[in-house]
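Novice: Taken in sequence, the protein lines are chains V and F.
Numbering follows the working numbering, in which position 369 of the first sequence is assigned residue number 369; successive positions increment by one, without gaps.
Numbering follows the working numbering, in which position 385 of the second sequence is assigned residue number 814; successive positions increment by one, without gaps.
In case anyone wonders, no lab produced these hints; they're calculated from the structure.
Partial list, derived from the structure: chain F residues whose beta carbon lies under 8 Å from chain V:
(1) Asn479
(2) Ala482
(3) Asn785
Label-pair distances were calculated between CB atoms; the ranges are:
(4) Val119(V) to Ser754(F): 50 to 60 Å
(5) Leu530(F) to Ala319(V): 27 to 37 Å
(6) Phe118(V) to Leu530(F): 37 to 47 Å
Which stretches of chain F does chain V cover? Using the computed rule of at least three CB atoms under 8 Å from a CB of chain V, they are:
(7) 470 to 477
(8) 544 to 550
(9) 555 to 563
(10) 566 to 577
(11) 787 to 798
(12) 804 to 818
Ideal Cβ positions, reconstructed from N, Cα and C, are used throughout, including at glycine.
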Amino acid sequence: MNMHNVSWVRQDLISPSARPVGQNDPMRWARKNLFNGWLSTFLTVASMMTVVWITVAIAPWLGNSIWKANSLAECRQLLGGAPGACWGVIRDRWPQLLFGFYPSNLYWRPVLAFGLLFVALAPVLFRAVPARALWFSAVYPGIAYWLIWGGSLWFPISVYLGFTVAAGLFMLTARIGRGLGVSIAILAASLWWIYAVQPVTSDVNGLVPVVLDAVASRDVGGFLLSIIIGVTGIALSLPLGILLALGRRSKLPLIHMLSVMFIEFIRGVPLITLLFTASLLLNYFLPPGTNFDLILRVVIMVTLFASAYMAEVIRGGLAALPRGQYEAAEALGLDYWKSQRLIILPQALKISIPGIVNSFIGLFKDTTLVMFIGLLDPIALAAAIRANTNWQGIYWELFIFIGAVFFVFCFSMSRYSMYLERRLKTDHR
Amino acid sequence: MAMKSDASREPFHLSMLFNDTRYRARTIQVLAFIMLVLAAAWLVDNTVRNLAALGKDFSFGFLWATAGYDISPHAIDYSSTSTHARAALVGLLNTVIVAALACVTATILGVLAGVLRLSDNWIVARLMTAYVESFRNVPALLWIIVAAAVMSEAMPAPNAFRGENPTTSMILWDSIAITNRGIYLPVPEFSLSLGQINIGLSVLDLNSVAIFGVLAFSLLVRRGLVKHAQRLQSATGRRPATWWKSLLVCTVPMIALFYTLGFHFDYPALKGLNFSGGLQLRNSFIALWIGLSVYTGAFIAEIVRSGILAISRGQTEAAHALGLSSGRTMRLVILPQALRVIVPPLISQYLNITKNTSLGLAVGYMDLRSTLGGITINQTGRELEGMLLMMLIYVGISLIISGVMNIYNDRVRLKER
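Looking at chain V on its own, in the form it has when it is part of the complex (with noise of 0.2 Å):
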């Protein structure tokens, strides 16, 4: 018996045979995809014939781009008379689309905040940067703040120095009783931000000065306006959610019923009027004399304004929570923010990372509406360029940049979105 010769093994390979034929062809998966029933084929040519309506209508004019113009008139006659996109109004203009009337000098210190921004948020967004790296994102607001506005580094620090101040005196009360610990301590930081920081700073300045040149807020605009307003509001309007979402479902009547009427309240009302009564009305809520800043009160509001969307998508979040993890919670002897912190709000958060994101993307296409109480967003910047004899008459270039610049930021955020709730998804389903 021959062990090796075993004679109903085949030896060669068999040639691999042709493909069934009509399995993969185009035609085949036209008649499956495009073609499969009349009204198939119906919204196929349809499709087809808006493809090539749009396509005859628009390529003609994009294709005869002119970049290299300095007013309409000009443009026009490089054109002579053919139908053309004139993105010359783009190479002239952009510095002030994205800057507004930001001191041309001055363009490296929003740039190099913007740059750090990234570094601030990389630890946040992304897990292969260490978290230790957060101090940075936790100073990053005042150096941005700094960089920005300019004025006096003392200034940030000395805003800084009042959360200090809090945690010192929570540290030192919260024996007591928590509650009363953080009041004391919400109370303190209060009293130095309103009473100690302004003489802190002028002091410190006069000893050892650290200045950068001052830009005044109605020189900010473009879509570094957009940016300032919508990260601040982003950051600020989520723990302010969350605050709110808890609130609606505490069982403390009262506060039950103060975040109800809140939240009600602001999402029942337009953005605009906000806008409106930070800008006409906000003077008269306050002491009289009291003055600030028109881009800091719109920062206020929008806040005000998200955090009550963004509370209800928690709520939605904390509803589809199963009633035995609240359970297992107080099973474990938690306390109430103990339980919240560790067990209930990282799963809420989870489950609405969608409408979160689309709460974010909607207040960032909001910041648009600041350009009705005279702020120059990118819309009212290009109805400024439009107003230049230069530039008067022309819109689609304009509005394709402006469009193109949000559509950029809003989609990157849904799909960093769903990257988020890839990596978070920790169910097996």
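Mind docking chain F on chain V? Use the hints.
Specialist: Below, chain F without anything else, positioned relative to chain V:
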């Protein structure tokens, strides 16, 4: 029992207010209440002092003064001699009109796009994805301004319709003119009027009362017919043909009424420099309507899509197994179930449309914000009262919409035992 009495015998410390769960809830609320009252008192005190410094008082009396400005589309009688209150009402009506129209068109657009995005047809699905993503990720304000620019830049001027060889012409048998000053539509008119009744705010046209009366009568008779057919079918198993009876009942009385009243269309016609006659839809109105519809339509498409995806695949398969076509499966099986998922977020989209009508400011649409919150405030200097009133009205509208939609939501909700 023993433990409880021990606890209650323990002497009361001040720290128990914060550390003992029996007192803590009350302590927190009392503290919150005190802080709330203090904050409110501080705000009111500041406001009173600021108003006093400006020499103003707090009163809504300005509402009854003469407005002195014109509002171009007005649904009820209005002239510049009317009061500010009436101007606000006209603005409110304009807001409601454009919001209602935009809700309807956005829903149609959104349902179409949402359903088509799930279509098997490759190119249609891609196109709808492109629509949804591009409109969702760009500010609504930009879309409204773009729509306004399309209307005023890309449409022909009225004088392009003039002359022996006009460069453009009216569409639909010379009845609709699309110009850069707006769209002119024919309006139905009656040569015979039954008269008008004055009811406080507006005049009630008896012709429309008659039309609604006849319509209600027809629908009632038709309902009776269908009920009768249903009864006959349950009793004998044979259903009498009702469609031609329904058709007769619904059309004949209406045609008779229209004939007696002398129904005809008032067509727009080019006179002098512009069109006259007919109904003019202004550019601001069209821009706001189209802009809001296409923008919100993209959001509604996503809501519809996720609602349809939430229905389990087994439902579709079951319907196919019963022999229903895919169109009927969608209409009779999937959409009714998906509605339960769709309606709650749809409500908030309707609220968004209503609130976003305030963006009409950018194209000069005279809505509530532009009348009460704009010109009236500027003329009278009553920022506080005007803004307060306007916010309350918006909150009121929002509450009404969500109330109505919640009633509907309750009706379509899954009834479980």
